[in-house]
Structures are given as C-alpha cells and as structure tokens.
Amino acid sequence: MANLNINILEEQNKAQQHIKEQGLRVLVCAGTGCVANGSLKVIEKFRELGANVSTLTDYDKMTIVPTGCHGFCEKGVLVIIPDKHVTYVKVKESDVEEIFESHIKNGKPVERLLYTDPKTGEHVHKNDDINFYAKQTRTALKNCGKINAESIEEAIAVRGYEALAKVIEENNPDGVIDTITKSGLRGRGGGGFPTGMKWKFTAANKGGKSYVVCNGDEGDPGAFMDRSVMEGDPHKLLEGMAIAGFAVGADEAYIYVRAEYPLAIKRLRKAIADAEANNFLGKNIMGSDFSFTIHIKEGAGAFVCGEETALIASIEGERGMPRPKPPFPANKGLFGRPTLINNVETLANVPLIILNGAEWFASMGCESSKGTKTFALTGEVNNTGLIEVPMGTTLREIIFDIGGGIRGGKKFKAVQIGGPSGGCLTEEHLDISMDYDSLIKAGAMVGSGGLVVMAEDTCMVEVARFFMNFTKNESCGKCVPCREGTKNMLKILEKIVKGKGEMSDLDTLEELAYAVKDGSLCGLGKTAPNPVLSTLKYFRDEYVAHIRDHKCPAGVCTAMKKISINPDICKGCTKCARTCPVGAIEVTVKNPHKIDQTKCIKCEACLNSCPFKAISKE
Amino acid sequence: MTVDSLHKIDTSKLDEIINQYEGKKSNLIAILQKVQEVYRYLPEDAMIYIGTKMEGLSPATVFGVATFYAQFSLEPKGKYEIKVCDGTACHVRGSMPVLNAIRNKLKIQEGKLTSDNGLFSLETVSCLGACGLAPVCVINEKVYPQMTSDAISMILDTLLKEEGI
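These protein sequences, in sequence, are chains A and B.
Be aware that the first sequence starts at 1, since it is given in this note's numbering, and climbs by one per residue.
Be aware that the second sequence starts at 1001, since it is given in this note's numbering, and climbs by one per residue.
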C-alpha cells in the first residue's frame, strides 16, 4: 500500500457540493456538431438572461454548463435541464428567451421544442424516453453531455481520478493487468485484440523507459466516437492512460490526435494542464513514486497513421509509413522503446473497469465480446448520431429502434460497417449479433464502429468506387501490391460506373483484391479490398447491370443517366436553358426544347427548374 | 544552395519556430504546421532552410514529410480555405453537388487548388467527424452544417460581397 497525499473521496464530495451550489443546471451541448449549429450563441443568450435570476422560483441561481457531445448531433443544438426532466432539440438563439420565461421561470415546458417521436408523432419530454437514447447503454460515453468538459472539478464529481487513486494506493500493477484481462476488454480501434494481453506483453519489458500511446487518429470516414470522448470527457481518457502507464511501468505518454479535430485538441490541452495542476498527472502523482506526463501530437492528415507502427513513425516526425511486425511495439516501439498503444475508447473504459470490477464489465455484451461499443450511426437513417450499446446488439435494433428507421420512408439496402476497411451488410444480416467474431464471419468487421446506412437509391458499385478512391489516395506507397493494386482496382471500378466495363473485369477485380490483401504489410492494404469483395458478394447483380445492361439500378451513375424533355409537356419557356450550366439545351421560344446529350453533364439542375415537370431522368 | 543565398523568406521567424520546438527532429511535423500557419503554405525555401539547419535532417527528408501528409500544401492557399467533407456520410448525403456548386461559383477547375484571384482555395477532406450534420463544409475553421448547392452559393455570395467582388 502506498500513502497518498490527496484524499480523492474528499475532493469528490467537495466537487459535488460545488455543483449543488450551482442551482439549476442547464446543459447546452458544445460539441463540434452543436457548435456548428450555433450552440455558442445559445449559451451566451442563456448567460445573458441568467444574469438576472432573482426571478427564479425554486432556485436561487441558474448555471449554464457547456458540455461535450450528447451524440444526437442531428437534432442540435441540444439543451437538457436535468432537474426539469426535459430535453430540448434544435434550439436556436431566438428560442432561448421562451425556454427561460416559460419553463425555467414558470414551469411550463415549451412543447414545440421537444423531440417528436417519428413513429407516434408525440412529444417526448425526458431524455431517456427518446427512442434514440432509450435502447442505449452509455458507459464509456456516460459523462459526455452531462458535465462541463472543460472543468476538472465536474470530472472529479463524477468519480474522475478515483480509479487512478485506487490503483496507486493498492500499488499492484500486475493486479491491474489481471483485472483488465478478466474483464474481457478488447481493443476498440478495430482489430479487437485483447487489451489485457497487450498490457501484459508491454509490462514484460519493464525496467527501462517505456511509453503509452493513445491512438486518437480516428481516420475512418463516418466515425466520430473518439472525437466525442476527447471533447466531452477528456479526463476519463487521461485517467485511463495514467492507469495503463502505472500498470505497464511507463512514465511518458503521447495522445496522437487528428488535426481535423481542433476542439478535441484544445480541450485535451486544458485537461492535461488542469490535471497537472491538481497533481493527478506529472511528477509524483498524489504524493506517490509514480510520475506520468502526457504530450499531445497533432496528426497532419494521413489515414494510414491509424496503423500503430505508422503512428509511431509519425510521432517520431517521419513519414507515417508502417513498419514490419515483429518487432511488436510492446517490445520495440516509440523511439525504439517498449510501447503500449491503445485506442481512445479502449482507454476510456479502463477507469470504469477498475471502479466497478471486471465482473461488472464482463456481465455486459456477449460471449466473445464483452462490454459496450460505441457506434457512429450516419447516412440515410432518421436519427443520426453517436450511440453506445452492449456488444451483441443486432443491426436491426440499432437501425430501426435507435436510428428510427430509414429516412423519407425509403427501403433499407445495406449498411457499411467499419469504414473503408470494412464491408457491407445487407437485409439478411439484420439479425446477426454485432460482435467482433460474428462480423468477421459475415465478411465485415467492427472496425472503429462507423455505421453508414444506405437506402435503395444508393449505388453499391459507386460506393465501392468511392472507398477504393479513398484507400488509393491514402495508400502510403510502401508495398507495391497496395500502391499499384488499389490504383488498378479503382480504374476498373471507374470504367464500370461509366458503363464501359466488361464481364471479365469482375474476375480481374477479384484477383487483384486477393493480391492486395496478401501482399500488403499493414491493415490498410490488407483490408482495402473489403468493400469491393463484399459488394461483389452481395450485390453482384448491380455490377452486372452496369456492365451488361448499361444501367445503374439505383439511378446514381451519371454516365448511364439520360435526361430528356417530354415534348408533349414542354411549353417552351426557356427556363431550363437558362439554368443549364453547360448550355446543352437547344431552344426556340414557344417550341419544345431538346437536350444535346453530348453536352449534358447530367447535373439535374434543369430537372428542378422546370415549372411543368416536363424533364425526367431515366 | 546554401542557407545564405535565401532571401525570400524571413529566416529569423523560422529560427524562432525551430527553437520553440527545441530543434528536435521528432517535432518536424509540428514545426511544419507552424510554418504553414505563418505562410499559408510551405515555401520551398523554408523547407530547405529547416532541412539544412536542423540536426539529423536533410531538405529531402523535410520535403518527404511535407508531401506525405495531406495537411501540407506546397502552393499558397487562399484567404478563404474551403474544405468540403467527402467522408462516407457526407458523400451518401450529397457532398458532390455542393462541391460542384462551389467550383462553378468560384470558377475553380477540377484539379486546381485556388481561384484565379487567389482568394479562395478548395479541397475535399475525408471526414471531419461531424457526420450527424452531413454534408458539411468548413470555411476557415467555421463549420457549415447540412449544406446544399443553394445554401453554399448564398454563403459564398456573402463572402464575395464582403470582398467587394
């Protein structure tokens, strides 16, 4: 047992007391999404009104709390008043006065700003009753949206740094690793490698200098769970890193954050400074022998840096190219020293496991995948946003219960899971369990947890082309099969979406796909062909339609689109010709117009301009 | 080329940045980010200077790092840096029509970075993590949610008006 000079429980009581003294807490989301929708103005307006609070009936004051992401970005700006059991959605600056006057002062909720259930059409007051939240189990994201992300005191009030104090006091690093191993936590960054085992490998090299690295290079387009944790509850991540450092014997750490996340970088910097000022980080933490400093490294825009060895190269100031494994980072990583690399969400789970025990964590989820997982639910779904559910939840529950079904009553077609490295799942997979192993079996992967829902009007060949274009651009160029293979696969896909494909192209595509998979060093190349392989498997008929029938069944691919004017309906008003950006419409006033197909770029601008609906596409 | 022959750039500014990062090789990316903040791109002379001045580096290494990362630009960016997100969520919800609308409006041809007057630069980025608001555009750090071709045209009109164009 080590003696600490800080009594964390006492600090916790003090912090909770302070929060009680804040009076009525009004939580306003200040995550990237809500800021874009104007939440800073909402906060300002609330504060302005709050300056004169002697008029409040039940509280002597009101405190506006800018929080991290609530996850329900689409409905931002979100305003939650926990004591009044209410969540307001799509709040604008101009709505603030009404909320203040009607609800805060006079106890009458503003009905028009409540969430409306798309199924029942009824207003929902409580956060937990909104279908988007009702089926979630928020643990890693628990505090996101509930506390002021820039206040260490609020983090302490919700048991921040209690787990760190506990492990330092008990002074049993191997015991910590045992707990993490028993919990069944697996890497949340994509691969799903057992976290406890990774810690054990790194700890085996204890003695000299070791590092902890947090991978916050969330590069998968369509994923933003790590951003939300870094923005909404940065102290939980710092605490998780310090616990990891204590367990594996490291005293220095780096968080590698994408440059595209400026708000996350700003909040992390403040959190680190505050934690150091409180001696939760830095030299001799809480009076113990354990010292731990955390630096931030900003990425510069390279998807491949999500790969751990490439990320290490990037922190060292080099081109972010992957290195062969072995040696594994646990043996020879950053600056040639033993290094533990974990993803943001993985580390954010650590303090919870220490506080609540391995059994608690293992009781959630399913046999092979324990705990909860965050997913970024986006695309053609009614409720887009960030969700957290127990591992093993089905796709149907996620898309149709939490997501509220497909937008505009369209038909579900597929969901792309795991970004450009993942695969697509179709209707037949709606009831499979979302866990590491079942998804691999289905030809996809959990990946970072991006879920992009696609409806009937999405062209799957175009989607495959889109991902291939992405991976071609992001291939670092080290392995020839990946560098040249992705380029050639893209060429073929471009040919197909332009209607110039041949049936033999499909075989070449497949052959190339396996060559790239087998001949690449890192995860990027090994998984780059997945979108092509899985669309070929489940939507081969769409490929065939493009090649043989020169038709895009979803009506997306421009080369196969034909836009024409129905001469029987056209009144000859010339409006379409004036809208056309390329002058492809030949006109004689008061006579039916005609589109010159050789000039038409199929932008569909004329389609909407026609007052008589005489223009159609096929 | 020797360091002395450089006169186009203010080397004292570069020294200041290098010193701020203790001249450490592992801080090269951060140093280049600072330089780009100052010049809005990475001037060739600045890269040569850094590669010559800093220990363990060569101009070729600096150039190698600068060309590897998407954030670095070897030609000047505009006063207004427009980024159109073409991540999966934005793509599915129609980021391409938005991009085309910007290209048409500012007359920036495909494959070109800036408008002829150098005022605007246009790029696509892979994901800004604001997928709930797709499609998204960013102009100089300000995020514009749920864009359409009409909405972005109006925003650009305002900017053009401010510039007196």
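None of these hints come from the bench; they were simulated from the model.
Just so we're clear, the structure is a prediction, and the values are computed from it rather than from any experiment.
Just to be clear, a hint being listed does not mean it is correct.
Taking lysine-lysine pairs in the PhoX-like style, the calculated list, with each CA pair at most 20 Å apart, reads [unchecked claim]:
#: 1; chain 1: A; residue 1: 206; chain 2: A; residue 2: 283
#: 2; chain 1: A; residue 1: 602; chain 2: B; residue 2: 1107
#: 3; chain 1: B; residue 1: 1142; chain 2: A; residue 2: 266
#: 4; chain 1: A; residue 1: 90; chain 2: B; residue 2: 1142
#: 5; chain 1: A; residue 1: 478; chain 2: A; residue 2: 526
#: 6; chain 1: B; residue 1: 1142; chain 2: A; residue 2: 602
Here are some chain A residues the structure puts well away from chain B; computed CB gaps all over 12 Å [as the list claims (entries may be wrong)]:
#: 7; residue: 76
#: 8; residue: 97
#: 9; residue: 107
#: 10; residue: 129
#: 11; residue: 174
#: 12; residue: 192
#: 13; residue: 314
#: 14; residue: 526
#: 15; residue: 584
#: 16; residue: 597
C-beta: ideal position from N, C-alpha, C; glycine also.
Evaluated hints:
1. Among the hinted pairs, residue 206 of chain A with residue 283 of chain A is consistent with the structure: their alpha-carbon atoms are about 19 Å apart, no more than 20 Å.
2. Taking the CA atoms of residue 602 of chain A and residue 1107 of chain B, the gap is about 19 Å. The hint holds against a cut of 20 Å.
3. The straight-line distance between the Cα atoms of residue 1142 of chain B and residue 266 of chain A is roughly 15 Å, inside the 20 Å bound, and the hint therefore holds.
4. As the CA atoms of residue 90 of chain A and residue 1142 of chain B are separated by approximately 19 Å, the hinted pair is consistent with the 20 Å bound.
5. This hinted pair checks out: residue 478 of chain A and residue 526 of chain A have alpha carbons roughly 13 Å apart, not beyond 20 Å.
6. The straight-line distance between the Cα atoms of residue 1142 of chain B and residue 602 of chain A is roughly 31 Å, outside the 20 Å bound, and the hint therefore fails.
7. In this structure residue 76 of chain A is not separated from chain B by more than 12 Å, as the shortest Cβ-Cβ distance comes to only about 8 Å.
8. At the 12 Å boundary, the C-beta of residue 97 of chain A stays outside the reach of chain B, the nearest C-beta of that chain being 23 Å off.
9. Consistency note on residue 107 of chain A: stated as away from chain B, and its beta-carbon is indeed over 12 Å from all of that chain's, at 31 Å minimum.
10. Even its closest Cβ contact with chain B, about 20 Å, leaves residue 129 of chain A beyond 12 Å, as expected for a residue assigned away from the interface.
11. Chain B leaves residue 174 of chain A outside its interface by the beta-carbon criterion, the shortest separation being 32 Å against a cut-off of 12 Å.
12. Against the 12 Å criterion, residue 192 of chain A stays outside the reach of chain B, whose nearest CB is about 21 Å from its own CB.
13. The beta carbon of residue 314 of chain A is not kept farther than 12 Å from every beta carbon of chain B, the shortest such distance being approximately 7 Å.
14. A cut-off of 12 Å between C-beta atoms confirms that residue 526 of chain A is not in contact with chain B; the least separation is 19 Å.
15. No Cβ of chain B approaches the Cβ of residue 584 of chain A within 12 Å, the least distance being about 14 Å, so the stated non-interface status holds.
16. Once the 12 Å rule is applied to beta carbons, residue 597 of chain A is consistent with being away from chain B; the minimum gap is 19 Å.
Comparing the model with each earlier hint shows violations of hints 6, 7, 13; every other hint is respected.
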